[in-house]
Amino acid sequence: MSQSIKHLHERFQKLFPAMDADNPSPADEAGTDSREEAEPLEAEAPAAVPQLRCRRTEHAKAGYDLDLAVEPQQVLEAAGVLDEGGFAIDMITGIDWPDDNQFELIYDFLHFQGPARVVVRTRVPRDRPEIASLSAIFPGANWHERETAEFYGIQFTGHPNPIHLLLPDDFQGFPLRKDFKPEPDPS
Amino acid sequence: MMELQPVHATGPQETFVLNLGPQHPATHGVLRIKLTMDGEFIKDAVIVAGYVHREHEKMGENRTWAQFLPNTSRIDYLSAMMYTHAYVGAVERACGIQPPSRAEYIRVITSELNRISSHLVWWGAYLLDLGGMTPLLYAFDDREKILDLLEALTGARLTYCYYRFGGVLEDVDDNFIAGTRAFVKEFRPRLRMFRRLVSENIIFRKRVENIGIIDAEMCRKYGATGPMIRGAGVPYDVRRAEPYSVYPELDFEVATDPAADSMGRYKVRMEEMEQSLRIIEQALDRLPDGPVMAKVPRVIKVPAGEYCYATEAARGRFEVRIVSTGKLIPHRIRLRTPCFGNLSLFEEAARGMMLADGIAMMGSLDLVIPDIDR
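Chains as they are written, first to last, in my numbering: chain A, 1 to 187; chain B, 1 to 374.
Since the hints were made in silico from the structure, they are not lab data. If you're wondering where the values come from, they're calculated on a predicted model, not measured in any experiment. The beta carbon of each residue, even a glycine, is placed where N, CA and C say it ideally should be. Mixed in with the good hints, there may be bad ones.
Stretches of chain A that chain B covers, calculated by requiring three or more beta carbons in the stretch to come under 8 Å of a beta carbon on chain B [as the list claims (entries may be wrong)]: (1) 59 to 70; (2) 81 to 93; (3) 104 to 113; (4) 136 to 143; (5) 156 to 169.
For reference, chain A alone in the conformation it holds in the complex:
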């Protein structure tokens, strides 16, 4: 499986050439994730804005093998490549970075044939959070996107059924935003 991770790495580098030309990352050559080790304990938030990159990470350290950071409009293409490669959707994670005025979106993919997990991450502006839905490629993304949408207020364009999944239909606000204030209890 490490062979196909290597293959995928090369494929992504070809597909999104800007990332290597503009932001050569030393981690690419090392083949390991240097960020976790280098960061001191009291460090600021990790990497203000993720640079476009594709790097191998060490599974035992990060929990995934390939880490790809792309522009929001490239996520769909990356997911298509992973779909062709037989990857399964694992989860979608939203993270609020109020200091950067951005939401981070992390798409996790896994392969049933061995230790290969690929992470595709991107960031959308907090004041206009919009990204294309993956549910046409992975129907399993449907629920994950509904969940991310209701908790962060991120709009997934092209989503077939953009209604609340876990929250009540009439719930106002986005609870996982850092600035969320719950309505005071009426009692």
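Put chain B on the given structure of chain A with help from the hints.
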């Protein structure tokens, strides 16, 4: 609100809406499925989830790393050990803590006991769904023994908070080891009896064979894991695919079945109980001496960064992603729960099935609703 529709004389195109749940014995918790029925056939199924939503992920953002520990056992209350394992594993991975070998073995033993007790609940409840009362009583008889063992060790019967960053709370005593050995010895013939009693039963087989086909491709598209994917013939098991703890040192087989139907998933779980017994036996034989806690700082501070850790829970892949900014409280805790992906394919898979078969399929998914709603 659902619109009420008048009941007319039926024509060939007539459909009606049927609410399954939120309080229905076959949903095993508070889950509502809005079914559009064409006679006995399901035309369309819409899952309405969230009735037991507690927002564990938000809770994670307003308490310290250690204070979130009890939350992890309340997500899937039937396999709390594996869930706690994933969370402590993520923090240990981030902080570079290496738990002592004895603690890892104890974790494996207790996790596998928990897996058996979880599968026993599923087995009894599933057959209850299908109309058999007796198996539930047998299953709970054996499960009680596991719960007693774990209660004596951890103080809890379901919501264990036994694993800690760097090890486990307390060392096991001789009673636990002797009791576990005795359980393994007693449970093997019981499991064989369960198979004779139920697995070969013709009424049961007619209810589950070729019912609810969920193939590997569908599992891939929806991210279904655990007995779902193994019941479709793919030997994907986190314990082998992304080895953690001391599982690489233990000899066991990943149970699979190529049938991809409800029977396939049934057989996989039955075989998994057998394999768990094997794991427990080996782990007891090899249990090393030594401490059960590593040296860890009193106040855990996780270095800034993002880390994932996955375990094979009773229902499939459970994964925790933690994001730290180096502060005392987490920036984000994301919980990837197996039932979420496993249930999300129900809407597609149930289309065109007969209602009674839909129940047979839903039972074979082994749902725990708080695991979906979190």
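Hint by hint, here is what the structure shows:
Proximity of the region 59 to 70 of chain A to chain B, defined as three or more residues with a beta carbon under 8 Å from a beta carbon of that chain, is established by the 6 residues found. Proximity of the region 81 to 93 of chain A to chain B, defined as three or more residues with a beta carbon under 8 Å from a beta carbon of that chain, is established by the 7 residues found. Evaluation of the coverage hint for the region 104 to 113 of chain A: fulfilled, as 5 residues show C-beta separations to chain B shorter than 8 Å, against a requirement of three. Against chain B, the region 136 to 143 of chain A contributes 5 residues with a C-beta closer than 8 Å to a partner C-beta. That satisfies the three-residue criterion, and the hint holds.
Evaluation of the coverage hint for the region 156 to 169 of chain A: fulfilled, as 5 residues show C-beta separations to chain B shorter than 8 Å, against a requirement of three.
Violated hints: none; the structure is consistent with every hint.
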